[in-house]
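Engineer: Chain by chain, the residues run as shown.
Number of protein chains: 2
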Amino acid sequence: MINIIVIGTGNLGTQLCNALEKASSKPDATVRLLGYYNRSQTLIPKNKSRLFSKMDHLPSCDMIIVCTPDDAVSKVSEQLPSSDTIIVHTSGSVHLDILNKHKNRGVLYMPQTFNKERTVHFETLTICLESSSTAVYESLEIVGSSLSRKRTPLPSTQRKYLHLAAVFTNNFVNHCYLKAAEVLEKQDLPANLLHPLMKETLEKALELGAQASQTGPAKRKDAYTIAAHLALLNDADKALYKSITDSISNTYGN
Amino acid sequence: MINIIVIGTGNLGTQLCNALEKASSKPDATVRLLGYYNRSQTLIPKNKSRLFSKMDHLPSCDMIIVCTPDDAVSKVSEQLPSSDTIIVHTSGSVHLDILNKHKNRGVLYMPQTFNKERTVHFETLTICLESSSTAVYESLEIVGSSLSRKRTPLPSTQRKYLHLAAVFTNNFVNHCYLKAAEVLEKQDLPANLLHPLMKETLEKALELGAQASQTGPAKRKDAYTIAAHLALLNDADKALYKSITDSISNTYGN
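If you read the sequences in order, they're chains F and V. For any residue, its number in my numbering is found by taking its place in the first sequence, counting from 1, and adding 65. For any residue, its number in my numbering is found by taking its place in the second sequence, counting from 1, and adding 65.
Pulled out of the complex, with its shape left as it was, chain F reads as follows:
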């Protein structure tokens, strides 16, 4: 049984506490969420685990999972006392070495977008693991398997690439959705006019791959349509449109 404390209950921390609480309550549980800590001392709605009040006086446990923003991982690591407890961070872009103060350290990276409201189904994810030793890896495997059937080892040197790809897949895709929604809104056109296209774009890319799926004015270098689109946009959005169009044009050659 691995006794766990979670530090930080933002988007990921909240979801992780809820998933670990659920995993803890199973008859054959291999993990137990002892509780969580956050700076603002905010309770997670509907989660019955304990909220601890001091980060430097946490109860003894087997694993502390740090779910703070990336730039706070280092500071939290420093504040946690040295011990045999496994200290784990969950950041795609932060190296395992940042936890070097701690003898037993690891990473549990879940390539997904989290927010407090939408329940994330961890079981659909491949949980990416890295550790300072084989023994730590085994503990991470136990925690990972309580969340998902799919795990893979992934060193920091590759995890940063996966995180970069995740930014394209989520942040950048979502921004394209936003720009489309803004165009429709300014014309008083309902957003749902393009919902089927959003879905088909995803399904098509999953089936055929993104390269075979590409169509449109940038790919076919249709200067007339591109110019007509640019004329509809403000300067900032023109720059964005041009940049993505150039990138598509270059990708598909002549």
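Errors might be hidden in some of the hints.
Note that the list lumps identical chains together, so a pair holds whenever it fits in one copy or between two copies.
Stated by the list, open to error - Taking lysine-lysine pairs in the DSS-like style, the calculated list, with each CA pair at most 27 Å apart, reads:
| id | residue 1 | residue 2 |
| --- | --- | --- |
| 1 | Lys215 | Lys303 |
| 2 | Lys264 | Lys215 |
| 3 | Lys181 | Lys286 |
| 4 | Lys87 | Lys264 |
In case anyone wonders, no lab produced these hints; they're calculated from the structure. Values in this document were obtained by computation on a predicted structure and should not be read as measured data.
Let chain F serve as the given structure and place chain V on it in line with the hints.
Structural biologist: Okay, now just chain V, sitting in the frame of chain F:
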């Protein structure tokens, strides 16, 4: 009964011929696909409608639907003889006026991405209609309703904005998928590591809207992570990453 001929059997034309053939075979059919024309005289696989050999000697019909690339619509319109036949184009970015040679003219715009292999479910789409007269509109409605329960009138002045938004939603989103896939491939990481993220990104944007869904280094102006990502990219992809990051940063203010 509206007798239809389709000109051009690229991605959209092929799908439309197949959907119209299916609609033609229903017991209560209101449309009939007489056949189609394409320059290369290529048969549509599994479609039993006739392939006509000369565009300027098509049989008499009620409606000709032009599914050529945008820049060919004008030329096709010129080549078609003047008559009472309704001439319709299907292009998001082309004005209805391009068909001015023809007394009865219209637009059937389906905001979707088409290719020959994947069957598109027209019934999920809102078909956008524009016409030169009320009588023509009624005919378009009949054709539109044979394809989908959802139709809306949409003038050329607004259709071009919908088309622009569709480019963001499809071409640009798909390009982000491609860039992510390239990053993974170069690291020999399996593409399916990010499939759950692709799906959740869509679901989240549909549920919460794209603005509320945004997260990540660009939104939180995390200069450290942005610089670390840029260091992993070649010059062309750096430019793309910077441009989208700037746009996100500007969107979410300070």
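Engineer: With reference to the structure, classify each hint as holding or not holding.
Structural biologist: Results for each hint:
| no. | hint | verdict |
| --- | --- | --- |
| 1 | Lys215 x Lys303 | neither (42 Å within a copy, 32 Å between copies) |
| 2 | Lys264 x Lys215 | both (25 Å within a copy, 17 Å between copies) |
| 3 | Lys181 x Lys286 | between (42 Å within a copy, 21 Å between copies) |
| 4 | Lys87 x Lys264 | between (31 Å within a copy, 23 Å between copies) |
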